[in-house]
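Visitor: Listed here are the chains, written in short residue letters.
There are 4 protein chains.
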Amino acid sequence: MLSDLFGIGVVGYGYWGPNLARNFAAQPGGRLVAICDRDPKRLAQAALAHPSAETTPDYEALLRNPEIHAIAIATPVSHHFALAKAALLAGKDVFVEKPFTQTSAQGQELVTLAERKGRIIAVDHTFLYTGAVRKIKELVDAHALGDLLYFDSVRINLGLFQQDVDVVYDLAPHDLSILMHLVGNAPVCVRAMGARYGNNPQDCLAYLHLEYANGFVAHFHFSWLAPVKIRKTVIAGTDKMVVYDDLEQSEKVKIYDKGITIKSDADSVAKVKVDYRTGDMLAPKLEHREALAAEAAHFLQCVRDRETPLADGRAGLAVVRIIEAAEKSLREGGSRAQIAQG
Amino acid sequence: MLSDLFGIGVVGYGYWGPNLARNFAAQPGGRLVAICDRDPKRLAQAALAHPSAETTPDYEALLRNPEIHAIAIATPVSHHFALAKAALLAGKDVFVEKPFTQTSAQGQELVTLAERKGRIIAVDHTFLYTGAVRKIKELVDAHALGDLLYFDSVRINLGLFQQDVDVVYDLAPHDLSILMHLVGNAPVCVRAMGARYGNNPQDCLAYLHLEYANGFVAHFHFSWLAPVKIRKTVIAGTDKMVVYDDLEQSEKVKIYDKGITIKSDADSVAKVKVDYRTGDMLAPKLEHREALAAEAAHFLQCVRDRETPLADGRAGLAVVRIIEAAEKSLREGGSRAQIAQG
Amino acid sequence: MLSDLFGIGVVGYGYWGPNLARNFAAQPGGRLVAICDRDPKRLAQAALAHPSAETTPDYEALLRNPEIHAIAIATPVSHHFALAKAALLAGKDVFVEKPFTQTSAQGQELVTLAERKGRIIAVDHTFLYTGAVRKIKELVDAHALGDLLYFDSVRINLGLFQQDVDVVYDLAPHDLSILMHLVGNAPVCVRAMGARYGNNPQDCLAYLHLEYANGFVAHFHFSWLAPVKIRKTVIAGTDKMVVYDDLEQSEKVKIYDKGITIKSDADSVAKVKVDYRTGDMLAPKLEHREALAAEAAHFLQCVRDRETPLADGRAGLAVVRIIEAAEKSLREGGSRAQIAQG
Amino acid sequence: MLSDLFGIGVVGYGYWGPNLARNFAAQPGGRLVAICDRDPKRLAQAALAHPSAETTPDYEALLRNPEIHAIAIATPVSHHFALAKAALLAGKDVFVEKPFTQTSAQGQELVTLAERKGRIIAVDHTFLYTGAVRKIKELVDAHALGDLLYFDSVRINLGLFQQDVDVVYDLAPHDLSILMHLVGNAPVCVRAMGARYGNNPQDCLAYLHLEYANGFVAHFHFSWLAPVKIRKTVIAGTDKMVVYDDLEQSEKVKIYDKGITIKSDADSVAKVKVDYRTGDMLAPKLEHREALAAEAAHFLQCVRDRETPLADGRAGLAVVRIIEAAEKSLREGGSRAQIAQG
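Chains as they are written, first to last, in my numbering: chain W, 60 to 401; chain B, 60 to 401; chain E, 60 to 401; chain C, 60 to 401.
For reference, chain W alone in the conformation it holds in the complex:
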């Protein structure tokens, strides 16, 4: 019986919306009930691709539709807050594209509202559902890397310059969502140093440096202006170190049995001794399931069983807070910007 399936409404059928619609439509536990977009041409495409779904420019129609249990929002980020708020007020769960919101105040309001209304927010941090990140998460959770030492990520390319957002806003959500998922507790401050060229008003090259209270650091290199494409992350612990190279075909995750042993002596700082050792390298087999399909399936499961998604509103908010602080630091030429906690 169709009515046993969880009904999904998609709002925004531009760049990413079709992917969401296709993946939700393909889930056995879900039903794509309606697609909303202001643009008639896009609506026509949506109707062609999903003949059994309703198409409408009227977002209110989705909110009123009792067959829709959750709204997936794939509009420009400037609309996320209003659309998500309306959906939550209408009693719907929401699935929101990243970044979650434009400002952390908006994100905080949505988180509070969802908790008050008992609704689920999932933020589309797709990378968390890749085989690579899932494997690394397993390792970290099992303390297989030892004590974590640092996180270093490079995401560069000769990319399309965007007019309305800078390179941090464009690329950082990916890596920050991975960092927060793996390392968990929040960084306390960030420095961000960028570079612009000509009269281009947006930074096209940026370095972020995050500090944690326990001495852990995370560093990021983002660029639209590199001669080669690199997507490589190192997560180092005292026992093992992981290199995650997203451009590798078959060995995206390499676990190096390398680490350091710090023998500290309470009596004297001078007596510290650092040993290092090398060992095997293992590239584990990874799951090949498409990340977005796994994410859509998990969202439906969370909706059904009232569970918390891997990236809930708080996770989305945490990323927005770091970006907000980073943008402040960028404007101030690399000042130490505090990251709001909560």
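It should be emphasised that the hints constitute simulated quantities derived from the structure, not laboratory data. All figures in this text were calculated on a predicted structure; none of them were measured in a lab. You may find that some hints are simply not true.
Stated by the list, open to error - With a straight-line Cα cutoff of 30 Å, these simulated DSBU-like cross-link-like pairs (lysine-lysine) come out:
| no. | chain 1 | residue 1 | chain 2 | residue 2 |
| --- | --- | --- | --- | --- |
| 1 | W | 288 | W | 344 |
| 2 | W | 291 | E | 288 |
| 3 | E | 194 | B | 344 |
| 4 | E | 291 | C | 194 |
| 5 | W | 194 | C | 344 |
| 6 | E | 194 | W | 194 |
| 7 | B | 176 | B | 144 |
As the list claims (entries may be wrong) - Residues of chain B clear of chain W, computed beta-carbon distances all greater than 10 Å:
| no. | residue |
| --- | --- |
| 8 | 74 |
| 9 | 202 |
| 10 | 219 |
| 11 | 317 |
Claimed, not checked - Listed next, the stretches of chain B that the computed footprint assigns to chain W, with coverage defined by at least 3 CB atoms under 8 Å from CB atoms of chain W:
| no. | segment |
| --- | --- |
| 12 | 151-163 |
| 13 | 245-257 |
| 14 | 277-286 |
Think of the CB as a built atom: it goes at the ideal place given N, C-alpha and C, for glycine as much as any other residue.
Starting from the known structure of chain W, arrange chains B, E and C on it as the hints suggest.
Guide: Same frame as chain W, now just chains B, E and C:
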């Protein structure tokens, strides 16, 4: 006739001194006259390897020896200043290991002294004499890269932790000497962010970020704590971008015919337009001559013809000034440290 | 006016047929008139994807249709001959999947028939339309590599074992079509050495070695049983050598300015002297157009202007002849099998 | 007491002799007693490097010297047989450069003589003592790869053309010694296909294909005429597959948990089923000891304890037999040449 050759005295016969002695001894234009070290065992080794050279623990003997025209200093850095000053006062030219001096004040005093006495100082920035850096210098000097945009360098490894110096002091002189050689005019400030582990008193991971007055930036990642060895530098310009990978066997330098075109419009910031383009990649054939041999030969030529070495005292001083500022920034958690000019 | 466009009928809508239909439908100069398949389910899919095309299980209907000027055949190879022959007899041009035919006798008959009827045969050697092979072809035609010395190709993977054909039949058409396109004149004989495992009746690993009358050799390594995926071809000449790595993202073709100089002396074999030299490496920018789209466009152009496709019936026949000889050699354990000329 | 050490005499102090002398001199269990060479200049170099060893042009003096227990032969291969025979007749053990002898008849005679006289022959198959080959040998001996399927090796470069030997003679001993060490039982026949250029009388490119009685095959690609340097070997089994890349810095050996499962059905060939699977990849930590030092140490141990070296006379002979057969096949254009057994 031997007396037509330029006589070299080497002081310090530990880790690097034997390489200097061997290379100066092998130059047709030079003669290795004497080797000085306080350690009798090292002196014995020196005598075995260079039977025709005098060996002595007495540095003054070298300074008094009229057959010695230049002194090559390969002692720990804490002795550089005193030994170089004495040599200059004795009328000798000097060749000093990097880093040039412990403090910029010492470096400045040596530069001033050498100029007053008409003596040559060469600092052993060996990388400048590699085929790779020479090729990149040619490109930069011919403006083949267009306007320079940024310099990004990664020099990481699971390296030996040192007790007395941090990773910046250990690794940065290589990359900073290359930066200064290629880009020339001096950076105005630096931020340095590091990380230590356990009770280890020295940073073993550090990021440096240099800013130039014209908007050019240089960024460095140094680490003793990485699972993989990387030695890769990108020098990007508006016309071409160079990737210099020192670990590549046969294609260390790759020139990407990629770049951006910035069309600015005086009337309006909003009208900026950034085009990017891709093109061929060329890996030019590089000279294979050993860098240190080329450097020794060039030093002898400079001594004979009273020319300026590729890295003279001012170049050595510039690197010391950046490291000094970086260490200050490190201590202050990434503050913007001004770099002394001159 | 639609009738000015060249009408295409596609027969076979299994694995590859949809790609042909899609590409022919997308060409401005062509019109996808009809799709034929015996399987009603596939026909329904065809109708969904191409609502304006006729769908029919009756091949004769395509042959009778005067709006269809050319037939594209994407059935299993065992049907190629009969379908292509009928199409030619009906006055249609044909586009045939590779390998052209099951036997060289069939291929020869089709070539003769097409010439007698003034019809065009194109064989779908898709690689010839890639930016990489087009670039190498330019170099070879301009004699930029000097005299060609050898061709060495490796196409291996842990691939799906097929029950009905061996690894030569599965993989060799790709590389042999590239070889014939680049080097042109025909090899005189082939040795093929394979290996099977267990009771598997088909070779899953094979090496082919082709000899040309002028001393040029071509060697191939095909495997379904390799731990890593490799698709790499070397084409070496006396002046330059090309490495074509189809798995490289951005630098598929590398041209090495390396070669040998053979100084022969008529008087004495003993006086031969071989010099070798190394030089720059260039990775030229390649066209990014999808190969199949370019191929479809070129076929329509050939149909319109009565030109010869890059891979005509003779080219298809030449590849079939080599495979036929290789299969004979395989059965005979590596005997020297003559390749029919013509 | 010096007389408790095993005395070594080295004959031939050209390209490789100095390495043997240095390594034997450095072994705690051995003493370098004498060095023999006809060339006075080389003898003078030997005397300089090894002042405590006797130097002489008279090989008989070594044979007569009771302090010499073993002779290491590093002359051109044409002298191996006569020198080794004389040494064995004089009651010395011998260590011979590879290839063991010029002909298999010579090799057979030495093997027989050594057995009759109770003397040890070691052939310098250095690769067997590398950490990489030792690790692979462990895996094969523990049946960790499952049933062995094939061995595929590529050793190519733009190398120096030699006037007196072809590329097979130059490069094949390395890979054949590894093959024989790992796989053990002897191949029954070989085909060799080469290519020459200009009037050069020697093949500079060759492919060897070896067949074993049990269906196992080994294939080799040797070249002095390649644009890139490759030294890569695949050893595949039904359970795992190993890739050994000698040019990798830190991960020379990669073990892929990939393989095939052949389910054969006695009733019917048609019912064969081949499954394949993929899994983890492991790059084990390898020993870093210099291969030649390990080999010299093991030779001295064998001399002392009368053990059999990893590569004894029979191993050396087996490689010579394959090369001999390969050269016959080369001359006959790729004929199937039987390999003598024994």
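Visitor: Does each hint fit the structure? Answer for all of them.
Guide: Hint check:
A distance of roughly 24 Å separates the Cα atoms of residue 288 (chain W) and residue 344 (chain W); the hinted pair therefore holds under the 30 Å criterion. Using a Cα cut-off of 30 Å, the hinted pair residue 291 (chain W) and residue 288 (chain E) holds, with the two alpha carbons roughly 22 Å apart. Between residue 194 (chain E) and residue 344 (chain B) the CA atoms are separated by roughly 22 Å; this keeps the pair inside 30 Å, and the hint holds. Simply put, residue 291 (chain E) and residue 194 (chain C) have alpha-carbon atoms about 28 Å apart, close enough for the 30 Å limit, and the pair holds.
Distance check on the hinted pair: residue 194 (chain W) and residue 344 (chain C) sit about 22 Å apart at the alpha-carbon level, within 30 Å; holds. A C-alpha spacing of about 41 Å is found between residue 194 (chain E) and residue 194 (chain W), which places the hinted pair above 30 Å, so the restraint is violated. Restraint check for residue 176 (chain B) and residue 144 (chain B): satisfied, since their Cα atoms lie roughly 11 Å apart, inside the 30 Å limit. Every CB of chain W is more than 10 Å from the CB of residue 74 (chain B) (nearest about 20 Å), matching its label as outside the interface.
With 10 Å as the threshold on Cβ separation, the claim that residue 202 (chain B) sits away from chain W holds: the shortest Cβ distance comes to roughly 17 Å. Annotated as non-interface, residue 219 (chain B) brings its C-beta within 10 Å of a C-beta of chain W; the closest such distance is 8 Å. Residue placement check: residue 317 (chain B) does not keep its beta carbon more than 10 Å from all beta carbons of chain W (closest about 5 Å). For the segment 151-163 of chain B, the stated coverage by chain W is not satisfied: 0 residues place a CB nearer than 8 Å to a CB of that chain, which falls below the threshold of 3.
Only when three residues or more bring their CB closer than 8 Å to a CB of chain W does the claim for the segment 245-257 of chain B stand; here the count is 6, and the claim holds. Given a C-beta distance limit of less than 8 Å, the hint that chain W covers the segment 277-286 of chain B holds, as 5 residues qualify and 3 suffice.
Checked against the numbered hints given earlier, this structure breaks hints 6, 10, 11 and 12; the rest are met.
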